[in-house]
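> Protein chains in written order, with numbering that gives the first Met the number 0: chain S, 0 to 226; chain A, 0 to 227.
Please note: incorrect hints may appear among the correct ones.
Derived DSSO-like pairs: lysine-lysine, alpha-carbon spacing no greater than 27 angstroms straight-line [said to hold, decoys possible]:
id: 1; chain 1: A; residue 1: K104; chain 2: S; residue 2: K111
id: 2; chain 1: A; residue 1: K52; chain 2: S; residue 2: K105
id: 3; chain 1: A; residue 1: K104; chain 2: S; residue 2: K52
id: 4; chain 1: A; residue 1: K107; chain 2: S; residue 2: K105
id: 5; chain 1: S; residue 1: K53; chain 2: A; residue 2: K139
id: 6; chain 1: A; residue 1: K125; chain 2: A; residue 2: K104
id: 7; chain 1: A; residue 1: K107; chain 2: A; residue 2: K125
id: 8; chain 1: S; residue 1: K46; chain 2: A; residue 2: K107
id: 9; chain 1: A; residue 1: K107; chain 2: S; residue 2: K222
id: 10; chain 1: A; residue 1: K214; chain 2: A; residue 2: K53
id: 11; chain 1: A; residue 1: K179; chain 2: S; residue 2: K52
id: 12; chain 1: A; residue 1: K24; chain 2: A; residue 2: K205
id: 13; chain 1: S; residue 1: K105; chain 2: A; residue 2: K62
id: 14; chain 1: S; residue 1: K211; chain 2: S; residue 2: K222
id: 15; chain 1: A; residue 1: K107; chain 2: S; residue 2: K111
id: 16; chain 1: S; residue 1: K220; chain 2: S; residue 2: K111
id: 17; chain 1: A; residue 1: K53; chain 2: A; residue 2: K205
Hint data in this document are derived by calculation from the structure and do not stem from the laboratory. Being a predicted model, the structure only gives us computed values, none of them experimental.
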Amino acid sequence: MAKNDLKLLGGWFSPFALRVQIALNLKGVEYEVIEETLNPKSDLLLKSNPVHKKIPVLLHADKAICESAIIVEYIDEVWSNAPSILPQNAYDRANARFWVAYTDEKWFTSLKSVLVADDDEAKKPHYEQAEEVLERLEEVLSKGSEGKAFFGGDRIGFIDIGFGSFLSWMRVIEEMNGRKLLDETKHPSLVKWAETFAADPAVNGLLPETDKLIEFAKVLKLKLAAK
Amino acid sequence: MGSEDVKVVSFWVSPFGKRVEWALKLKGIEYEYIEEDIFNKSNLLLRLNPVHKKVPVLVHHHKPIVESFIILEYIDETWKQYPLLPHHPHQRALARFWATSVEQKLGKAGWVAMATSGDEQERAVKEATEIMEKIEDEIKGKEFFGGKNVGYLDIALGWIAHLIPVWEEVGSIQILDPSKFPAITSWMTNFLSHPVIQDTLPPRDKMLVYYHNRKNNWPSAFRNSVKD
Chain S
0 MAKNDLKLLG
10 GWFSPFALRV
20 QIALNLKGVE
30 YEVIEETLNP
40 KSDLLLKSNP
50 VHKKIPVLLH
60 ADKAICESAI
70 IVEYIDEVWS
80 NAPSILPQNA
90 YDRANARFWV
100 AYTDEKWFTS
110 LKSVLVADDD
120 EAKKPHYEQA
130 EEVLERLEEV
140 LSKGSEGKAF
150 FGGDRIGFID
160 IGFGSFLSWM
170 RVIEEMNGRK
180 LLDETKHPSL
190 VKWAETFAAD
200 PAVNGLLPET
210 DKLIEFAKVL
220 KLKLAAK
Chain A
0 MGSEDVKVVS
10 FWVSPFGKRV
20 EWALKLKGIE
30 YEYIEEDIFN
40 KSNLLLRLNP
50 VHKKVPVLVH
60 HHKPIVESFI
70 ILEYIDETWK
80 QYPLLPHHPH
90 QRALARFWAT
100 SVEQKLGKAG
110 WVAMATSGDE
120 QERAVKEATE
130 IMEKIEDEIK
140 GKEFFGGKNV
150 GYLDIALGWI
160 AHLIPVWEEV
170 GSIQILDPSK
180 FPAITSWMTN
190 FLSHPVIQDT
200 LPPRDKMLVY
210 YHNRKNNWPS
220 AFRNSVKD
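Can you build the whole structure from these sequences, using the hints too?
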């Protein structure tokens with residue numbers, strides 16, 4: 000029987016599924032993880048997310064909630080007595096949502112595009128975009144958090160989850176290309192933050208191992224190239 | 000009640016900007032509207048939205064909020080009268096899901112269907128129609144997506160009611176067949192006849208001219224392969 004009647008349709012490789020796990024862990028809520036291989040996609044997944052057929056899906060009793068950022072907001076609203084994931088005031092909430100949407104639009108696409116690109120010429124614009132993302136987030140963290148450990152302040156918040164969930168994939172791209180993205184001189188706050196984030200009890204042990212993820216990435220690259 | 004120092008920076012035909020105006024009007028919030036020429040961006044816009052350089056921008060107490068869905072949430076959290084989002088977390092999640100999913104899928108398909116021709120257009124029309132089928136299921140038996148009143152999802156999807164018909168005419172296509180989508184068609188009538196919505200729609204004839212121009216200037220594989 001599912002704990003709290005909560006099931007996460009996820010995948011160890013998915014940064015989006017990771018967001019949901021971190022959020023649930025922050026709330027101290029018990030849940031069951033159903034590993035999806037996506038090859039093929041399970042009947043449960045297709046039934047729970049007929050529109051996109053993607054993970055993660057959070058199944059809470061008879062309800063299915065889809066789209067990682069939406070799921071995290073749902074979790075924050077349902078378990079409202081536990082520490083908040085989103086900030087309290089409306090402007091800060093808008094800001095947090097902005098940077099998570101930005102991460103999805105620019106960071107995720109940069110990493111994916113570098114993975115798929117064949118040569119340095121093709122990778123160049125995506126590296127440029129990735130560098131811009133890191134510059135902006137370095138500024139948000141160093142200026143916005145008033146010297147605190149996380150984007151969210153003393154505790155992991157929405158932006159931390161949104162951006163931090165991609166750390167392993169960032170390491171994969173760094174190693175596969177022999178080129179650093181996160182740099183101590185250019186992004187000192189982010190470098191420190193990455194360590195603190197990974198070590199946090201809500202995250203610890205959940206970030207996929209880089210070697211395992213590299214193998215996965217190589218297969219994914221071939222699949223995407225074949226399309 | 001005095002002005003709360005609320006400004007909306009937008010472009011007259013932008014469906015994203017309309018969402019913001021509808022939300023403020025439904026809540027009875029007065030605002031100053033600032034027209035932005037998106038083809039000749041002002042320093043004001045670049046200062047207010049340095050990351051994306053896009054409209055709409057809501058400026059409240061001199062602070063900018065951008066991205067229309069994010070602005071809607073801000074508006075709903077700041078002014079409690081006439082709640083836009085449903086009360087229950089699951090209903091809220093569903094409303095957010097449909098807003099972003101339809102935006103993602105129909106926004107692109109609809110534009111391509113309007114702006115292209117041949118196979119590319121045909122594929123886009125098919126894609127758009129498929130999404131409409133899902134929307135039809137969602138609105139069946141309801142006056143508005145929000146129930147008895149215009150709510151967040153009506154505002155988020157409202158562009159379907161006033162923009163898709165224009166795109167259909169510009170592209171010489173049909174996506175919204177009333178016999179296939181009776182519930183959506185009925186919702187469109189309800190939505191467009193709501194006094195707040197009615198008063199803020201951009202003029203249809205101007206919209207037709209605008210989108211005809213956009214279509215004529217739209218690059219496509221087909222167009223680029225045809226040499227004069």
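> Hints first: check each against the structure and report whether it holds.
Each hint tested on the structure:
{"no.": "1", "hint": "A:K104 <-> S:K111", "in the structure": "holds, 20 angstroms"}
{"no.": "2", "hint": "A:K52 <-> S:K105", "in the structure": "holds, 15 angstroms"}
{"no.": "3", "hint": "A:K104 <-> S:K52", "in the structure": "holds, 14 angstroms"}
{"no.": "4", "hint": "A:K107 <-> S:K105", "in the structure": "holds, 18 angstroms"}
{"no.": "5", "hint": "S:K53 <-> A:K139", "in the structure": "holds, 25 angstroms"}
{"no.": "6", "hint": "A:K125 <-> A:K104", "in the structure": "holds, 12 angstroms"}
{"no.": "7", "hint": "A:K107 <-> A:K125", "in the structure": "holds, 12 angstroms"}
{"no.": "8", "hint": "S:K46 <-> A:K107", "in the structure": "holds, 25 angstroms"}
{"no.": "9", "hint": "A:K107 <-> S:K222", "in the structure": "holds, 24 angstroms"}
{"no.": "10", "hint": "A:K214 <-> A:K53", "in the structure": "holds, 20 angstroms"}
{"no.": "11", "hint": "A:K179 <-> S:K52", "in the structure": "holds, 25 angstroms"}
{"no.": "12", "hint": "A:K24 <-> A:K205", "in the structure": "holds, 23 angstroms"}
{"no.": "13", "hint": "S:K105 <-> A:K62", "in the structure": "holds, 24 angstroms"}
{"no.": "14", "hint": "S:K211 <-> S:K222", "in the structure": "holds, 17 angstroms"}
{"no.": "15", "hint": "A:K107 <-> S:K111", "in the structure": "holds, 21 angstroms"}
{"no.": "16", "hint": "S:K220 <-> S:K111", "in the structure": "holds, 9 angstroms"}
{"no.": "17", "hint": "A:K53 <-> A:K205", "in the structure": "holds, 21 angstroms"}
In summary, this structure violates none of the numbered hints.
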